[in-house]
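Model the full structure from these sequences, guided by the hints.
Heads up: the sequence lines are chains A and B, in that order. Count the first sequence with the working numbering and you get residues 1 to 319, in order. Count the second sequence with the working numbering and you get residues 320 to 618, in order.
It is worth saying that the hints were derived from the structure and are not from the lab. A hint or two may mislead.
[Stated by the list, open to error] Partner residues aside, some chain A positions facing chain B, computed with beta carbon under 8 Å:
id, residue
1, P31
2, T141
3, F145
4, T149
5, F155
6, V296
[What the hints assert, rightly or not] Away from chain B, derived, C-beta distances all over 10 Å, residues of chain A:
id, residue
7, N54
8, L57
9, G78
10, R126
11, P143
12, P169
13, W178
14, S210
Bear in mind the structure is a predicted one, so any value in this text is a computation, not a measurement. Here a beta-carbon is modelled for each residue, glycine too, at the ideal position from N, C-alpha and C.
So you can see what is in the structure, the chains are spelled out below.
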Amino acid sequence: MINLLLRRLALGVVTVWLVSVIIFAGMEVLPGDACTVVLERDAQGEVLENCRKNLGLDKPALQRYLDWAAGAARGDFGLSADGTTKISTEVALRVKNSILLAAGALSVGVPLAILLGVIAGLARDRFPDIFVSTLAIFAMTIPEFVTATILVLIFSIWLGLLPAVVLTPADAPALEFWPEFIPAVIVLVMVMVAHIMRMVRSSVIEVMASEYVQMATLKGVPYWRIVFRHALPNALLPAINVVALTVAWLLGGVVVVEVVFNYPGIGRMMIDAISDRDLPIIQALVMLIAATYVLVNLVADLASMLLNPRLRTLKMRAK
Amino acid sequence: MTDAVTTNIPADRPSTLRRWGQVFRDLIRRPSGAIGVFLVAIHVIVALISPWIVPYDFKTMDSAIILAPPTAEHWMGTDALGRDVLTRVLMGGREALWVCFLAIPLTMIWGGLVGVYLGLRGGWVDEVAMRLVDAFLALPGILPLMVFVFVFGAGNEVLIPTLAFFFGIPVIRVARGATHDVVARDYVLAARARGHSRASIMRRELLPNTLDVMMVEGAMRLSWMLLTFSSLSFLGFGVTPPTPDWGQMISEARVYMSLAPWGVLGPMIALSTLIIGVNLTADALAKTLGIDRTRKAVV
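Structure follows, in structure tokens:
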């Protein structure tokens with residue numbers, strides 16, 4: 001058990017390290033650097049050399065990677081390409097906003113998804129299931145910007161109930177995003193509910209068809225007792241991993257939704273950084289998002305290992 | 320004892336083509352499959368013939384009829400530059416379909432071959448490669464694509480390889496898993512015992528037996544790729560104007576939505592029906608072939 005935990009932890013660290021190498025190498029390979037971006041047309045001869053010297057870009061790549069990685073590990077990503085903002089301060093602000101959005105979506109979406117998934121799974125191939133599953137396909141496939149546009153059209157333009165875009169500045173306290181962030185939350189909830197619900201549904205179906213549920217039915221255990229005592233605890237365990245992927249997705253910059261609603265989170269910072277060719281900010285954001293992804297999945301794996309004794313032994317036997 | 324030598328291949332074993340013909344017939348017998356195939360077929364046909372059936376030229380502007388509501392001349396109205404919306408809706412899927420239909424086979428081939436090879440090879444090569452795959456999967460979905468498009472331009476010669484590369488990485492994992500499911504079977508063991516090379520085992524035993532999983536995966540990835548393509552286009556990292564594209568049209572028409580809501584409706588319906596069609600087809604294909612994708616983690 002301890003060995004397994006340590007191995008899983010080590011894998012996470014290796015993944016984060018590899019991500020940092022990929023990002024750094026990727027930015028090296030792409031044409032242009034911070035100096036050519038800032039100087040634009042003046043980027044030639046002595047000016048370019050001086051700029052590179054100032055930013056330390058004349059050092060060998062390995063040296064710069066080590067400096068960058070050492071800073072990143074301490075949460076210090078240096079200055080943005082134009083040298084005006086400290087990246088970590090600005091990122092912290094955006095992360096706070098993204099967490100707010102994610103928390104809103106998760107607190108509504110996860111309970112709703114589990115409820116719908118259980119209902120659909122128990123009513124397999126009958127009316128509630130067909131209805132919910134069809135809606136889920138729509139929610140999963142229709143692009144976020146289409147759903148968002150429909151929402152704005154109906155609730156903001158025709159009915160005038162909700163604000164169409166967020167006007168609150170990035171550094172405002174969390175409470176001021178109410179009610180402006182509701183449309184964004186609704187769009188995110190629709191997508192995530194569809195994914196989690198489908199997973200829960202097939203998990204419920206599988207467990208309800210298992211021998212021990214059959215056994216309980218034959219023994220005469222009441223239906224709802226079977227569902228709540230025997231089936232659901234097992235059926236909901238695999239949901240942990242899907243929820244983890246959803247959390248990672250929500251924190252990983254929901255670019256489209258943030259752009260549509262003008263929400264000042266990580267996603268919009270990302271797209272702004274790309275348009276500004278701000279390589280240091282892009283590097284910092286990708287690193288942060290990738291590390292979050294690894295961490296969230298790690299936590300989910302550990303949680304399901306702790307909650308499900310069978311997973312421990314199965315995995316150990318497989319090794 | 321002369322007649323003791325028999326082959327294991329049953330006489331009625333259908334040819335590959337025949338088998339997929341049968342799969343297709345079973346597929347369209349399902350309601351979801353029938354709807355899905357119908358939607359996709361309509362979109363493909365429209366994309367193919369639209370240059371000859373559209374009423375107007377897609378880039379001709381007319382300042383006299385900016386944001387005009389639907390009329391007998393312009394069934395879906397006109398956009399902010401006075402261009403006919405119906406024309407642009409009919410032609411707006413061509414780029415998306417062209418790029419994705421070319422990129423998906425590339426995705427499945429490179430991801431599939433690498434995944435099957437790793438599944439068979441195992442050992443340290445597999446271990447190292449899978450760590451790299453994990454690292455790539457941790458990158459935030461659409462960002463690397465945006466960076467590539469921003470740096471190298473939005474031409475198809477950039478989009479197709481970039482999409483194929485990044486979509487192929489999760490395919491490696493799926494193909495590797497599918498290989499693990501069959502690699503311990505007796506026929507693979509027999510091939511090994513006969514002394515077949517890895518390449519031969521891959522070609523004769525593994526690839527044919529992971530094909531079903533890969534077809535379902537490919538269909539599913541196609542719907543996600545269309546989604547990604549239109550999102551890129553919506554964000555301004557896709558098709559170059561004036562070439563019509565639904566994602567871009569929605570992004571432009573959104574601005575005038577309170578004045579001219581008809582501008583967003585056409586492209587929204589077209590884009591959604593295409594992606595839903597592909598998704599329904601993929602879903603029905605999975606059920607026809609008896610492959611349960613939902614149990615696997617969505618990556």
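Right, here's what the structure says about each hint:
Interface hint status for P31 (chain A): upheld, as the beta-carbon distance to the closest one in chain B is roughly 7 Å, under 8 Å. Look at T141 (chain A): its Cβ gets to within about 4 Å of chain B, closer than 8 Å, so that hint holds up. Checking F145 (chain A) against chain B: minimum C-beta separation of about 5 Å stays under 8 Å; hint holds. At a threshold of 8 Å, the smallest CB-CB gap from T149 (chain A) to chain B is about 6 Å, leaving the interface hint in force.
Because the beta carbon of F155 (chain A) sits about 12 Å from the nearest beta carbon in chain B, more than 8 Å, this interface hint is broken. Hint on V296 (chain A) is violated. Least Cβ distance to chain B is approximately 10 Å, over the 8 Å limit. Annotated as non-interface, N54 (chain A) keeps its C-beta farther than 10 Å from every C-beta of chain B; the closest such distance is 24 Å. L57 (chain A), annotated as away from the interface, keeps every beta carbon of chain B farther than 10 Å; the closest lies near 18 Å.
The beta carbon of G78 (chain A) is kept farther than 10 Å from every beta carbon of chain B, the shortest such distance being approximately 19 Å. Every CB of chain B is more than 10 Å from the CB of R126 (chain A) (nearest about 15 Å), matching its label as outside the interface. With a cut of 10 Å on Cβ distances, P143 (chain A) falls inside the contact zone with chain B, its closest approach being about 6 Å. Every Cβ of chain B is farther than 10 Å from the Cβ of P169 (chain A); the closest lies at roughly 22 Å, confirming the non-interface assignment.
No Cβ of chain B approaches the Cβ of W178 (chain A) within 10 Å, the least distance being about 24 Å, so the stated non-interface status holds. The claim that S210 (chain A) lies off the interface holds: its Cβ sits roughly 14 Å from the closest Cβ of chain B, which is beyond the 10 Å cut-off.
Taken one by one, the earlier hints fail for this structure at numbers 5, 6 and 11, listed in ascending order.
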